[in-house]
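2 protein chains.
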Amino acid sequence: MTEIVGVVGGGQLGRMLAIAGLPLDLRFRFLDPDPAAPAGAVGELVVGAYEDPDRLAALAQGAAAVTWEFENVPAASAERLRALGPVYPPPPALAVAQDRLQEKRLFERLHIPCAAYRAVDAPEAVGPAARAVGLPARLKTRRLGYDGRGQVVLERGTDAEGAAALAALGGVPCLVEASVPFERELSVIGVRGGAGRVAVYPLVENHHAGGILQLSLAPAPRLSAALQASGAALCVRILEALDYRGVLAVECFQVAGRLLASEIAPRVHNSGHWTIEGAETSQFENHLRAGLGWPLGSTAARGVSAMVNCLGTLPDADAVLAVPGAHLHRYGKAPRAQRKVGHVTVAAEDAGGLRARLAQLATVLPLPALGRDPAAAGA
Amino acid sequence: MTEIVGVVGGGQLGRMLAIAGLPLDLRFRFLDPDPAAPAGAVGELVVGAYEDPDRLAALAQGAAAVTWEFENVPAASAERLRALGPVYPPPPALAVAQDRLQEKRLFERLHIPCAAYRAVDAPEAVGPAARAVGLPARLKTRRLGYDGRGQVVLERGTDAEGAAALAALGGVPCLVEASVPFERELSVIGVRGGAGRVAVYPLVENHHAGGILQLSLAPAPRLSAALQASGAALCVRILEALDYRGVLAVECFQVAGRLLASEIAPRVHNSGHWTIEGAETSQFENHLRAGLGWPLGSTAARGVSAMVNCLGTLPDADAVLAVPGAHLHRYGKAPRAQRKVGHVTVAAEDAGGLRARLAQLATVLPLPALGRDPAAAGA
Numbered sequence: 000m001t002e003i004v005g006v007v008g009g010g011q012l013g014r015m016l017a018i019a020g021l022p023l024d025l026r027f028r029f030l031d032p033d034p035a036a037p038a039g040a041v042g043e044l045v046v047g048a049y050e051d052p053d054r055l056a057a058l059a060q061g062a063a064a065v066t067w068e069f070e071n072v073p074a075a076s077a078e079r080l081r082a083l084g085p086v087y088p089p090p091p092a093l094a095v096a097q098d099r100l101q102e103k104r105l106f107e108r109l110h111i112p113c114a115a116y117r118a119v120d121a122p123e124a125v126g127p128a129a130r131a132v133g134l135p136a137r138l139k140t141r142r143l144g145y146d147g148r149g150q151v152v153l154e155r156g157t158d159a160e161g162a163a164a165l166a167a168l169g170g171v172p173c174l175v176e177a178s179v180p181f182e183r184e185l186s187v188i189g190v191r192g193g194a195g196r197v198a199v200y201p202l203v204e205n206h207h208a209g210g211i212l213q214l215s216l217a218p219a220p221r222l223s224a225a226l227q228a229s230g231a232a233l234c235v236r237i238l239e240a241l242d243y244r245g246v247l248a249v250e251c252f253q254v255a256g257r258l259l260a261s262e263i264a265p266r267v268h269n270s271g272h273w274t275i276e277g278a279e280t281s282q283f284e285n286h287l288r289a290g291l292g293w294p295l296g297s298t299a300a301r302g303v304s305a306m307v308n309c310l311g312t313l314p315d316a317d318a319v320l321a322v323p324g325a326h327l328h329r330y331g332k333a334p335r336a337q338r339k340v341g342h343v344t345v346a347a348e349d350a351g352g353l354r355a356r357l358a359q360l361a362t363v364l365p366l367p368a369l370g371r372d373p374a375a376a377g378a
Numbered sequence: 000m001t002e003i004v005g006v007v008g009g010g011q012l013g014r015m016l017a018i019a020g021l022p023l024d025l026r027f028r029f030l031d032p033d034p035a036a037p038a039g040a041v042g043e044l045v046v047g048a049y050e051d052p053d054r055l056a057a058l059a060q061g062a063a064a065v066t067w068e069f070e071n072v073p074a075a076s077a078e079r080l081r082a083l084g085p086v087y088p089p090p091p092a093l094a095v096a097q098d099r100l101q102e103k104r105l106f107e108r109l110h111i112p113c114a115a116y117r118a119v120d121a122p123e124a125v126g127p128a129a130r131a132v133g134l135p136a137r138l139k140t141r142r143l144g145y146d147g148r149g150q151v152v153l154e155r156g157t158d159a160e161g162a163a164a165l166a167a168l169g170g171v172p173c174l175v176e177a178s179v180p181f182e183r184e185l186s187v188i189g190v191r192g193g194a195g196r197v198a199v200y201p202l203v204e205n206h207h208a209g210g211i212l213q214l215s216l217a218p219a220p221r222l223s224a225a226l227q228a229s230g231a232a233l234c235v236r237i238l239e240a241l242d243y244r245g246v247l248a249v250e251c252f253q254v255a256g257r258l259l260a261s262e263i264a265p266r267v268h269n270s271g272h273w274t275i276e277g278a279e280t281s282q283f284e285n286h287l288r289a290g291l292g293w294p295l296g297s298t299a300a301r302g303v304s305a306m307v308n309c310l311g312t313l314p315d316a317d318a319v320l321a322v323p324g325a326h327l328h329r330y331g332k333a334p335r336a337q338r339k340v341g342h343v344t345v346a347a348e349d350a351g352g353l354r355a356r357l358a359q360l361a362t363v364l365p366l367p368a369l370g371r372d373p374a375a376a377g378a
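Those protein sequence lines, which keep their order, are chains A and B. For what it's worth, numbering that gives the first Met the number 0 labels the leading residue of the first sequence as 0, then goes sequentially. For what it's worth, numbering that gives the first Met the number 0 labels the leading residue of the second sequence as 0, then goes sequentially.
Just so you know, these hints were derived from the structure itself, not from any lab. We put the CB at the ideal spot given by N, CA and C, even for glycine. Each hint can be trusted.
Which chain B residues face chain A? A few, computed with CB under 7 Å, are given here:
no.: 1; residue: Leu21
no.: 2; residue: Pro22
no.: 3; residue: Leu23
no.: 4; residue: Asp24
no.: 5; residue: Trp293
no.: 6; residue: Pro294
no.: 7; residue: Ala316
no.: 8; residue: Leu320
no.: 9; residue: Ala321
no.: 10; residue: Leu327
no.: 11; residue: His328
no.: 12; residue: Arg329
no.: 13; residue: Gly331
When you get a sec, could you build the whole thing from the sequences and use the hints?
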């Protein structure tokens with residue numbers, strides 16, 4: 000039998016979900032306001048607003064399950080879909096991920112360390128909050144921030160700076176968050192399926208620039224068993240607290256060898272793209288298995304991998320594919336500055352092999368400057 | 000840019016080609032007389048006869064390359080497509096693969112050992128030919144045999160038996176071929192790309208029943224470096240002799256530790272399905288890379304794999320996916336006796352792990368009886 004999976008959003012994440020599901024003879028239907036949405040090439044595209052009841056009904060029609068590829072699905076749409084059939088991840092997880100304050104409170108409730116913060120919604124509250132959490136601090140909108148948008152750095156902590164920063168963000172409810180002197184950024188990707196089965200991928204080391212993910216290394220270099228266990232534990236605590244179904248990413252900072260949770264993404268995640276070639280089962284396939292109640296696949300890594308985002312424009316396919324172990328993913332999106340239009344995963348057997356291959360890839364594709372040898376793994 | 004690839008035939012091989020090409024943002028168009036062809040779920044389906052000039056033109060329209068997923072493409076259609084744009088593998092390779100006599104002569108010309116044979120087309124010629132090559136022998140139609148069809152075993156070698164056998168096959172031109180007391184069946188899958196670049200996958204051990212492939216083990220257990228080198232050499236000789244482009248499979252017998260070539264398939268091949276999860280680059284991706292003139296990907300194995308065909312009906316997805324390392328492929332075909340409707344690849348790190356996983360899979364899916372421990376690899 001051919002199950003239909005509905006996906007709210009037709010971007011590259013939806014597209015990669017479909018590509019993972021096609022071998023299993025799943026069929027995909029996407030809802031997206033953009034008639035040129037990249038997922039349209041791999042499934043049926045319902046073009047319309049995410050709030051449109053008719054379009055939502057068309058998406059859910061006959062679907063074995065409906066899922067989302069981004070967390071900012073309107074709450075009313077999620078509830079409407081839930082009334083029409085099985086949906087996952089659960090709408091309350093969306094609500095938490097949509098609001099940095101709820102997210103922080105979830106971390107606190109689960110005793111998961113996170114950066115100090117204060118909720119603020121008045122101009123005069125920002126300066127004092129910044130001074131309370133420590134400078135420099137960061138003012139962030141509670142809602143609709145992504146890829147580094149919706150943030151302002153507070154350097155001085157004065158009342159004037161605070162009021163101006165809040166005005167710059169539109170005066171919406173915000174958090175002031177302590178800047179964390181982190182050693183590195185890591186993410187934990189876990190999945191929870193039927194009967195509460197859980198599995199967690201090896202932690203990934205992420206490199207951002209301008210708030211946008213540039214490169215992931217998986218498993219994270221110098222990943223101790225204790226750090227992996229700690230990441231897996233906090234991820235599972237969140238999965239269970241939310242009675243979750245599907246893939247969840249938790250972005251973390253490593254500070255003094257420990258993990259501070261930063262935010263959650265209740266969906267497949269950019270820092271998990273390496274799993275397509277680099278893990279026994281990709282995050283995309285596991286998200287589908289979870290939603291259909293099928294057993295989860297192994298989350299073990301196969302060798303080591305680096306994933307590099309292609310931002311703005313695509314590299315030359317011929318040059319990328321000449322790099323041993325390179326796998327090119329092109330999303331079918333029009334070029335635009337800083338837009339994620341594809342990615343390259345380089346797989347290798349070990350850190351030494353990966354280092355050599357990345358050096359070759361760097362002649363083809365701009366790689367971010369890495370603080371230290373990116374492939375000094377395992378040591 | 001999004002390149003379009005045209006494929007003559009819309010079966011599971013075309014479908015898997017497309018699934019391999021979608022991450023690269025290739026788009027696919029298939030020509031198939033069956034409006035329910037499985038590849039229709041993953042690309043545009045042009046429904047029509049393989050001989051129809053209009054449908055052939057529709058297939059080739061704007062395509063960067065046109066390829067075939069089966070070798071019995073009518074020669075006139077292949078030539079017509081060649082006049083419309085780039086096609087691969089080259090039509091002369093189809094002509095060889097379509098005729099067992101041409102195939103044998105190619106092997107002989109390239110000094111590749113193969114079973115003794117005689118071409119026959121008259122009833123009175125069959126008996127003497129069978130006695131000449133040695134009994135039992137096998138009468139095979141020169142054209143249009145596949146999955147064990149178009150063959151009759153000659154046990155006694157009498158003139159009467161021979162005449163009756165030829166009549167049973169419709170009196171068409173045939174070969175009488177010596178039965179080979181083989182130790183096992185192996186296949187060699189190679190690929191040739193632009194600038195004559197070649198790569199060959201590890202040899203695969205195949206198990207057939209009733210002429211239909213049941214199970215492949217990759218790399219073949221007990222695969223010596225000498226045997227691999229010998230298989231690779233004969234494959235490369237054929238690739239070069241045919242000025243080939245794309246993936247080619249050579250089916251062989253192992254006899255007294257040496258390889259006898261049996262037949263060629265100028266296309267992606269059932270015994271190469273394991274490469275999707277079990278090799279650095281799948282046969283499907285490499286066939287596309289070759290056709291587009293891109294560098295070939297590594298053909299190295301990742302661990303060990305077993306591929307099991309699902310014949311007639313599909314197993315329960317839930318049960319298959321509960322087997323560690325199992326990857327399920329469902330082709331979207333209606334069930335029918337002995338029809339290839341899907342396959343399962345079980346991947347493992349080593350022979351011991353594969354053995355355990357196959358034992359678990361055997362409780363879900365009928366596995367063929369194997370003469371000896373299938374996973375006694377490497378030893």
